Each structure stands twice: as structure tokens, then as C-alpha cells.
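Read off the chains here:
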Amino acid sequence: MELFGIFFAAFLINNILLIRFIALCSFFGVSTKIDTSLGMSFAVIFVMTISSAVSWAAYHFILAPFHLEFLRTAVFILTIASLVQLEELYLKKMIPHLYRAMGIYLPLITTNCAILAVAFLAIDYRFTFSQAMVYSIGVSGGYSLAIILFAYIRERMMLAPIPKWFQGYPIAFLTAALMSLAFLGFTGMFGL
Amino acid sequence: MSLWHDLNQGIIKENPVLRLMIGLCPVLAVSNSALNALGMSVAVAFVLTCSNLVIAAIRKLVPDQIRIPIFIIIISTFVTISDYIMQAFTPELYAALGVFVPLIVVNCIILGRAEAFAYRNPVLNSTLDGIGMSLGFGLALVSIGVIREMLGAGSVFGLTLFNPAAAATIMILPPGAFITIAFLMAGLNKLENKVQ
Numbered sequence: 121m122e123l124f125g126i127f128f129a130a131f132l133i134n135n136i137l138l139i140r141f142i143a144l145c146s147f148f149g150v151s152t153k154i155d156t157s158l159g160m161s162f163a164v165i166f167v168m169t170i171s172s173a174v175s176w177a178a179y180h181f182i183l184a185p186f187h188l189e190f191l192r193t194a195v196f197i198l199t200i201a202s203l204v205q206l207e208e209l210y211l212k213k214m215i216p217h218l219y220r221a222m223g224i225y226l227p228l229i230t231t232n233c234a235i236l237a238v239a240f241l242a243i244d245y246r247f248t249f250s251q252a253m254v255y256s257i258g259v260s261g262g263y264s265l266a267i268i269l270f271a272y273i274r275e276r277m278m279l280a281p282i283p284k285w286f287q288g289y290p291i292a293f294l295t296a297a298l299m300s301l302a303f304l305g306f307t308g309m310f311g312l
Numbered sequence: 003m004s005l006w007h008d009l010n011q012g013i014i015k016e017n018p019v020l021r022l023m024i025g026l027c028p029v030l031a032v033s034n035s036a037l038n039a040l041g042m043s044v045a046v047a048f049v050l051t052c053s054n055l056v057i058a059a060i061r062k063l064v065p066d067q068i069r070i071p072i073f074i075i076i077i078s079t080f081v082t083i084s085d086y087i088m089q090a091f092t093p094e095l096y097a098a099l100g101v102f103v104p105l106i107v108v109n110c111i112i113l114g115r116a117e118a119f120a121y122r123n124p125v126l127n128s129t130l131d132g133i134g135m136s137l138g139f140g141l142a143l144v145s146i147g148v149i150r151e152m153l154g155a156g157s158v159f160g161l162t163l164f165n166p167a168a169a170a171t172i173m174i175l176p177p178g179a180f181i182t183i184a185f186l187m188a189g190l191n192k193l194e195n196k197v198q
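Chains as they are written, first to last, in the working numbering: chain A, 121 to 312; chain B, 3 to 198.
Among these hints, one or two may not hold up.
Calculated lysine-lysine pairs in the DSSO-like style (CA-CA distance at most 27 Å, straight line) [to be verified]:
| id | chain 1 | residue 1 | chain 2 | residue 2 |
| --- | --- | --- | --- | --- |
| 1 | A | K213 | B | K192 |
| 2 | A | K153 | A | K212 |
| 3 | B | K196 | B | K62 |
| 4 | A | K284 | A | K153 |
| 5 | B | K15 | A | K284 |
| 6 | B | K192 | B | K62 |
| 7 | B | K62 | A | K284 |
No lab work stands behind these hints, which were simulated from the structure alone. Owing to the predicted nature of the structure, the values given are computational and were not obtained by experimental measurement.
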């Protein structure tokens, strides 16, 4: 039940894009087409789960016992950057069709702040390992849900008559505002 | 002339938030009050100026292939410094900004300026570029913060302007951030069109 609560809090109630405002660059950048947002979502789910496991272990087994907590910013970002490279090499060699699907989105992930944010938040909330894993799956699921819905709306919006000053980013932000309002409606669900 | 240009560039012409659309996450997340926005701007200004200065100073010693990891280490050093300073001296602000303080390290503005400017220019120009970009970032962030706090809580920097019960709470909730920035950008588009 507790894990279920963590999952839904991360997935809907505190949606990482629409409520917490993390990783917005990718939210507006790759959501112009459904294909690109699908590719990005898969890459985020894949990388976030692995990197939050590794950074959790790095913090609790290396940094904390030696009282090096102040190094966490540097250690996490380097861990994630090198992990992404490693995953890219591995996928290219072992699972080429998955690599083709994620393709260019993997290197972009290094600068996706959601990955780093989840690593920090899992430490700040004092999660155990299984809680941290459920949390990162919930966050990446919420990310995918929001970005894919947004891409569908933006594709529709291509055909809509939009006032001249609002074309491009302004209307995208207004759309995001309405989506954020809708997600705000989940507050209080499951007593969270 | 050129020094003035370096300082000036970031404030309006290449305003990182409203023109280049980078570094958006903290802008939307911490602008629910003017004070939080100011605190975030100061932290980003410190990290951006210092990292530009250091990177420009050591740019001839850095091998081209491993420059990005080196930049990241330098930036994360300054982020850790500001993280600990805020934790020690302004604990309330630190609690309000939360995870966005360590996240300054992946703020695209900082790595972007390191790569695009500080790595190719002398120390003085790079420092001025850092200051100018920070001013542009701060200007956008604080004005969004002021607008949201005024409409959403009826106050500015904590000073009450009108009865908070009459304020539109939605503006300090997450959707308000998107609405404010959408209208600011649309207004800027219109203004630019008029000037031309």
C-alpha cells in the first residue's frame, strides 16, 4: 500500500512536468511530434530507472559511510553522464532495434534534469532502495504520460487558427497551463 | 565598446529566459513569490559569473576532448558552495527552493555560456558576459515572481497590497506559472513587431 501511494504520488499528483516543473526544456522541445515524444519517453523510463538505482547505491554505500555527502552533486552528474554513454554502447551492441528506436534521445538525456532530480529527491525523502525504484518508475511514467498527451494536443493545434502573437511557444505554454490545471485535480486522491 | 556589448547582450537581446527559452525549470518552479525568485536569481548569478571566470582563466589548459566533464566539475563545485551557503544563512529560502538549488548544475544557461562564450573569450569579457546573462535571467525571473505574487497572493515581496481573499490563488499554483510566461512572451512578440 505504501509503495502504491509513492507510485501514484509520483505518477499523477506530483507530476514531474506539470506540477513540479522539472525537465521542461525537453517537454517543449521534443513534443512537436508524437514519434519524438514516444522515443524520448522510452529513453527516460529506461535511463531513469537504472540511474536512480546506481546513484542511490553510490550515495548509501560510498558517499554516506565516508561522510562525503557534500560531493553528491558532482558525483551524481558524472555517474549519470557516464552511465548514459555506457547504456548507449550496450544497446547499440546487444539490442540494436531498441537502440534505433531511442536513437538520438539517449545522449540528450544527460541534460534532462528529471534524471538528476529523481536521484536527489530519492535521497531527500530518505527512501529505501525499493521505494526509490517505485518512485523512479512512477516519475518516468508520469513524464511519459504528460509528454505524449501534450504531443497529441500540439499535433491537433497545427490546424487550429491561433492569434498571431500567440503562435509558437506562447500557445504551447497556455496548453500546458490547462493540462497542469487538470493534473491539479488529482490532489487529494488516495488521501495523498 | 565590446565590453559593454558583452554585458548588454544577455539583458534584453539574448535574454536567456524569454528569448532563448533556456533554463526554464527554475523560472517556472520558484517564481511563486518575488522573494524566492530573487533568491534563485542570486544563486544562479553567483554560479554563472564564477564558473565563467574560472573557465575563461583555465581555457588554454583544458584539452578539447574532455572540456565538458571539466566544465561540469567546475560548475558543480560552485553549486555545492552556494547550496551550503544558503543552507547555513538562509534556511527558509533554502527550504522553499528545495531541489532546485542542486539542479542549478544542469541549468542549460550555465553550461551553454561556458561552451559558447567563456571557453573562447578572455577573463574580463567572460565575467561581464556572466553578469549580463545573470541580470537578464534575474530580470525575467523576478518580474514573473512579482506578477504571480501580486495576482495570486495580493502582495509583493511579502508586503500586502490588497486583501488576499480577493486574489486569484491559481496564479501561485503551478498553472499560473505557465499562464504568466505565455502572456509575457506573447506581449514581447507584439512589442517586437511594433518596433519593426
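So, going through the hints one by one against the coordinates:
1. A/K213 x B/K192: Roughly 51 Å between the alpha carbons, so the hint for A/K213 and B/K192 is violated.
2. A/K153 x A/K212: holds (24 Å)
3. B/K196 x B/K62: Judged against 27 Å, a Cα distance of about 45 Å means the pair is violated.
4. A/K284 x A/K153: Holds: A/K284 and A/K153 sit about 22 Å apart, inside 27 Å.
5. B/K15 x A/K284: At roughly 21 Å apart (the allowed maximum being 27 Å), A/K284 and B/K15 satisfy the hint.
6. B/K192 x B/K62: violated (44 Å)
7. B/K62 x A/K284: violated (47 Å)
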